[in-house]
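J.: Take a look at the letters that make up each chain.
Number of protein chains: 2
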Amino acid sequence: MGRLTPKSPVPSDIEIAQEAVPVPIVQVAEQLGVQSNELEQYGHMKAKVNLDVLKRLKDAPLGKYVVVAGITPTPLGEGKSTTTVGLCQALGAHLGRKAVGTVRQPSQGPTFGIKGGAAGGGYSQVVPMEEFNLHMTGDIHAITAANNLLAAALDVRMFHESTQKDEALFNRLCPKDKDGNMTFAPVMLRRLKKLGISKTNPADLTTEEKTKFARLDIDPKTITWKRVMDINDRFLRGITVGQGPQEKGQTRETGFDIAVASEIMAVLALATDFKDMRERLGRMVIGNSRAGEQVTADDLGIGGALMVLMKDALAPTLMQTLEETPILVHAGPFANIAHGNSSIIADRVALRLVGPEGFCVTEAGFGADIGMEKFMNIKCRSSGLTPDAVVIVATVRALKMHGGGAPVTAGKPLDHAYKSENLDLVTKGTCNLERHIKNAGKYGVPVVVALNRFASDTQAELDIIIKASKDAGATDAIVTEHHGKGGEGAVDLGNALIKACETKPKFDFLYPVDIPIKAKIEAIAKEMYGAAEVEFLPQAQKMAEEYERLGCDKLPICMAKTQYSFSADASQKGAPSGFTLPVRDLKVSLGAGFIVAYVGDIMLMPGLPTRPAFYEIDLDVDSGRIIGLS
Amino acid sequence: MGRLTPKSPVPSDIEIAQEAVPVPIVQVAEQLGVQSNELEQYGHMKAKVNLDVLKRLKDAPLGKYVVVAGITPTPLGEGKSTTTVGLCQALGAHLGRKAVGTVRQPSQGPTFGIKGGAAGGGYSQVVPMEEFNLHMTGDIHAITAANNLLAAALDVRMFHESTQKDEALFNRLCPKDKDGNMTFAPVMLRRLKKLGISKTNPADLTTEEKTKFARLDIDPKTITWKRVMDINDRFLRGITVGQGPQEKGQTRETGFDIAVASEIMAVLALATDFKDMRERLGRMVIGNSRAGEQVTADDLGIGGALMVLMKDALAPTLMQTLEETPILVHAGPFANIAHGNSSIIADRVALRLVGPEGFCVTEAGFGADIGMEKFMNIKCRSSGLTPDAVVIVATVRALKMHGGGAPVTAGKPLDHAYKSENLDLVTKGTCNLERHIKNAGKYGVPVVVALNRFASDTQAELDIIIKASKDAGATDAIVTEHHGKGGEGAVDLGNALIKACETKPKFDFLYPVDIPIKAKIEAIAKEMYGAAEVEFLPQAQKMAEEYERLGCDKLPICMAKTQYSFSADASQKGAPSGFTLPVRDLKVSLGAGFIVAYVGDIMLMPGLPTRPAFYEIDLDVDSGRIIGLS
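These protein sequence lines are chains A and B, in that order.
Going by my numbering, the first residue of the first sequence is number 45, and it counts up by one from there.
Going by my numbering, the first residue of the second sequence is number 45, and it counts up by one from there.
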């Protein structure tokens with residue numbers, strides 16, 4: 045039963061969020077069946093659910109697993125986060141099902157730039173929105189710390205190697221203890237093993253072995269590891285480091301990405317437990333040696349320290365919706381150079397806690413061609429979990445744009461077509477939704493379409509989309525109003541989903557991982573995007589061969605492509621086909637466990653506009669309340 | 045009553061810390077009288093005490109206020125943190141007094157470099173040491189985020205100013221709302237006020253006023269604001285930013301400091317409430333305009349956003365000692381470019397909670413010539429609180445070095461003189477302690493000397509120091525053994541302190557703030573350091589005049605001097621006098637509220653050695669326990 049009393053017209057997101065009086069998070073945890081020793085409170089409104097819960101419930105039956113994806117995004121928005129939250133409110137507060145939404149932690153950077161928060165909208169929000177959008181429980185800060193410690197270790201190692209002879213370097217790496225014996229740190233045994241050296245006493249190594257061990261001989265030109273910061277700081281995109289006088293001229297051109305672009309974020313999202321996380325962190329590649337071998341975090345001796353910095357971050361954070369239902373917030377990898385889905389661990393925790401009649405509803409980033417595809421082929425492959433249903437979110441307005449509606453320009457009034465009935469544009473635009481529905485079907489999973497209703501939508505417009513959805517193979521297509529009404533507005537969607545999940549689908553991946561890299565990319569391009577061909581540009585060609593040589597080609601593919609079109613051309617709305625998809629470059633993320641295929645240029649550090657959002661943000665110093673956050 | 049059963053010989057710090065079973069922090073809070081609505085748990089072992097407690101107890105009588113300072117530090121260590129913790133254990137667990145230790149949060153960077161943690165030592169430690177040393181409750185991460193958001197805003201503002209004409213710039217800063225009206229954000233009214241413009245409608249400004257308002261015209265050469273990171277990353281000491289193609293050649297040489305060197309850390313330590321913090325953040329200076337006016341965070345429109353990022357950080361974190369007595373951890377400003385003391389808010393919370401029979405024991409960084417001097421003249425001036433007693437920590441070994449003992453070299457055995465009786469070196473070395481005792485007396489505050497005993501100390505050596513201390517004016521000098529015995533080993537010190545605090549001293553500052561900058565520096569140099577003269581080098585001379593012109597000279601002085609000597613020469617042990625103290629440069633920290641006087645070169649970004657401490661650090665993935673942290 046919901047406790048909302050929605051107003052009309054719907055107030056602003058921040059007004060709704062700040063009027064809400066969330067219950068103590070311990071209460072939400074208790075209702076969900078989390079035990080007190082499994083809960084680490086962070087204030088009264090957030091708590092981490094630690095991994096002990098998975099030990100306790102390791103044999104508990106799983107709930108239904110639902111992934112929310114969207115049509116190809118447009119500037120008009122389709123309301124994917126809002127639907128994820130609203131659907132959980134419907135299931136949990138109106139339909140008597142245990143339901144946990146698993147969502148990504150938003151990057152703090154954009155909060156102060158242009159974009160507002162990412163906690164849903166209207167009467168379907170995660171609260172308190174300030175705590176969701178700022179710092180949360182420090183996971184992104186931990187990623188920043190770990191990522192940048194690795195970067196510092198990398199530059200300083202090159203420096204120490206350049207200023208010391210082999211013997212001195214080895215002796216400093218393995219200093220004598222108080223009894224005068226040299227010992228290897230445990231992490232060093234990993235490097236020795238990689239080098240095929242089975243000796244465990246430093247004194248036993250030959251001169252040649254000492255050199256091999258001590259000299260990573262990193263080729264600066266091959267370094268792919270960058271520093272990160274959770275701030276929109278465009279002046280850090282391209283920088284030169286090492287210009288202090290003590291660094292003796294060892295300068296290097298590099299740059300910062302925004303923190304959520306760190307490979308460690310993808311690792312956090314894909315790790316299944318402490319052990320898996322530790323191994324993934326240790327095998328992250330920072331670049332190559334001059335001899336062409338990959339140099340990893342463990343070669344730098346730092347995999348364990350990274351793990352220690354990330355220990356607490358591995359536990360997902362429990363928050364609540366406006367209707368007091370549970371939300372697990374965890375990880376927020378980019379949906380281009382990473383896989384754009386929240387964590388495996390959060391989903392596992394949710395699925396065990398809700399039980400067989402309950403639901404874990406998770407959201408996939410960007411359009412379904414990207415977010416859902418990566419959910420299926422990357423996330424599910426790592427987790428071993430398979431979905432019971434896909435929800436694809438669409439709106440009349442956005443489909444009109446896919447049907448050829450005028451572009452939307454900031455600051456200019458919305459075109460008339462978006463505000464009144466235009467059956468022609470809707471009819472033409474459904475092709476985008478249809479392709480996403482058919483794509484989902486290729487994994488064997490049933491699809492329910494959620495049509496987020498706007499006041500200007502007409503029944504005739506909605507009917508066209510409903511019919512088209514079903515014709516394309518959707519189990520159902522439901523008009524939803526959770527933005528204005530909360531969970532009550534998504535009860536029909538919830539019921540349709542319960543029905544769609546009645547039988548476990550026979551899931552299949554789109555491609556096996558052991559076929560060649562190019563064949564995997566072609567499978568995605570042709571089956572998901574509608575491409576006729578893939579063109580591998582010389583650098584991509586070269587890297588495909590390189591990764592085969594290094595034996596790290598048996599991994600799923602992570603496409604880095606524009607989210608605004610099925611094709612590589614953001615202006616191609618609708619459902620283009622017959623095009624050639626150019627693949628420019630490849631980069632293996634060995635820790636995350638995927639190969640990124642670059643179709644376009646990807647900007648990994650946003651900037652701030654002339655009038656950033658921070659101008660409005662302040663603290664009411666008398667009440668302690670945050671103002672101006674949106 | 046203590047619950048420790050100390051072993052002999054004393055195990056390593058990490059062994060003691062990890063064997064301890066701390067009680068839930070809610071229990072520590074309850075015993076201290078913190079109410080549940082005033083407590084924000086961060087897991088089971090840490091909790092923030094929010095500022096509501098100060099509202100509730102605003103009229104409660106204050107406890108005794110004790111500052112722990114040290115002799116001039118040597119590589120042998122004197123045990124100041126250990127004494128702070130051990131003294132609290134004695135007072136709280138053995139002498140029936142409520143006692144809260146208020147200590148600084150350690151920087152995370154050095155934890156992975158050379159230095160181990162900073163949680164005390166032996167049987168006098170803050171636990172859990174892993175949580176104390178890593179992330180804690182995220183305060184330093186919040187400082188990093190705020191500091192760097194300001195840096196991003198600064199560079200991007202210069203960029204937007206360089207690419208837009210006055211009118212366009214003004215129009216973008218004050219965009220039209222949906223009704224077509226331009227409005228100023230509240231923070232903009234601060235800049236308007238500073239410019240002497242009383243209009244509140246953007247449309248009413250003259251063209252000239254619009255230009256004055258919109259164009260900060262920052263002179264890149266004058267920028268003093270740097271980015272920060274809580275990592276020992278020497279390659280960020282000197283960098284060039286803005287080399288990405290989109291930044292159109294607007295490059296700039298700058299660098300990163302370690303996060304605790306941020307002015308925001310000093311602001312956190314000196315702020316007295318939300319309102320004071322907001323004002324301090326807003327008036328921080330980032331550089332000058334080409335016309336020579338100071339440009340502040342509020343000129344950039346960002347003071348409020350910084351405050352919002354720092355909101356949670358303003359509440360101190362409650363942890364516990366090995367004997368379950370309360371410790372408040374809060375802020376950790378450098379003791380050179382900042383004042384090296386933990387926060388005013390933590391001390392206020394502690395003093396109100398412990399009541400008139402209780403104690404707040406706080407630690408001051410570096411030797412007493414620096415940490416205690418700044419405690420008195422900067423921290424107490426901001427807080428209005430005054431100390432009841434000073435504890436000065438010394439050891440026989442360290443005083444031997446001040447008496448002319450051989451230097452200590454890492455990796456070489458300790459000189460014989462430090463391990464066996466040498467009355468001559470002790471007698472010569474007490475001059476250092478004597479000067480610190482006399483210095484404390486200049487504030488009218490009684491001094492108790494704590495002599496941390498080592499096994500090799502002889503009674504004759506100790507007796508020399510005790511006599512010299514009393515002759516120099518100390519109320520008492522007590523031999524302590526809290527490292528090996530916990531609070532029990534500091535019971536005598538506790539009793540001496542209780543006695544010393546029986547009457548409220550008549551406190552006085554060393555200098556008034558309204559005398560000229562140079563006179564204030566001379567007062568410190570002559571009265572505290574024993575200098576005969578101060579030499580103001582041309583840049584310092586110039587800045588003194590500049591700050592008088594700008595009207596920001598009525599602030600206390602924050603000396604940035606080596607901590608290894610009273611003089612500017614780190615090799616001058618003992619109690620040098622008659623020297624000339626060179627002052628190289630001045631820099632006002634308007635947010636912190638002091639003027640930094642640079643005596644030497646101060647390194648604000650440490651580096652990593654060839655074999656950093658991180659090699660030993662890992663997670664036991666089965667137990668989830670951190671290993672190798674020291």
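No lab work stands behind these hints, which were simulated from the structure alone.
Any given hint could be a false lead.
SDA-like mimics (lysine to any residue), calculated; alpha carbons at most 25 Å apart, straight line [what the hints assert, rightly or not]:
| hint | chain 1 | residue 1 | chain 2 | residue 2 |
| --- | --- | --- | --- | --- |
| 1 | B | K319 | A | D501 |
| 2 | A | K265 | A | Q616 |
| 3 | A | K570 | A | D501 |
| 4 | B | K355 | A | K319 |
| 5 | A | K292 | B | G157 |
| 6 | B | K265 | A | I671 |
| 7 | A | K319 | A | D501 |
| 8 | A | K570 | A | P117 |
| 9 | B | K598 | B | D613 |
| 10 | B | K222 | A | Q583 |
| 11 | A | K243 | A | A335 |
| 12 | B | K222 | A | A335 |
J.: Now tell me, hint by hint, if it's right for this structure.
T.: Taking the hints in turn, this is what the structure says about them:
no. : hint              : in the structure
1   : B:K319 <-> A:D501 : violated (48 Å)
2   : A:K265 <-> A:Q616 : violated (36 Å)
3   : A:K570 <-> A:D501 : violated (34 Å)
4   : B:K355 <-> A:K319 : violated (36 Å)
5   : A:K292 <-> B:G157 : holds (20 Å)
6   : B:K265 <-> A:I671 : violated (35 Å)
7   : A:K319 <-> A:D501 : violated (51 Å)
8   : A:K570 <-> A:P117 : holds (20 Å)
9   : B:K598 <-> B:D613 : violated (29 Å)
10  : B:K222 <-> A:Q583 : violated (48 Å)
11  : A:K243 <-> A:A335 : holds (23 Å)
12  : B:K222 <-> A:A335 : violated (61 Å)
In summary, the structure is inconsistent with hints 1, 2, 3, 4, 6, 7, 9, 10 and 12 from the numbered list given earlier, while agreeing with the others.
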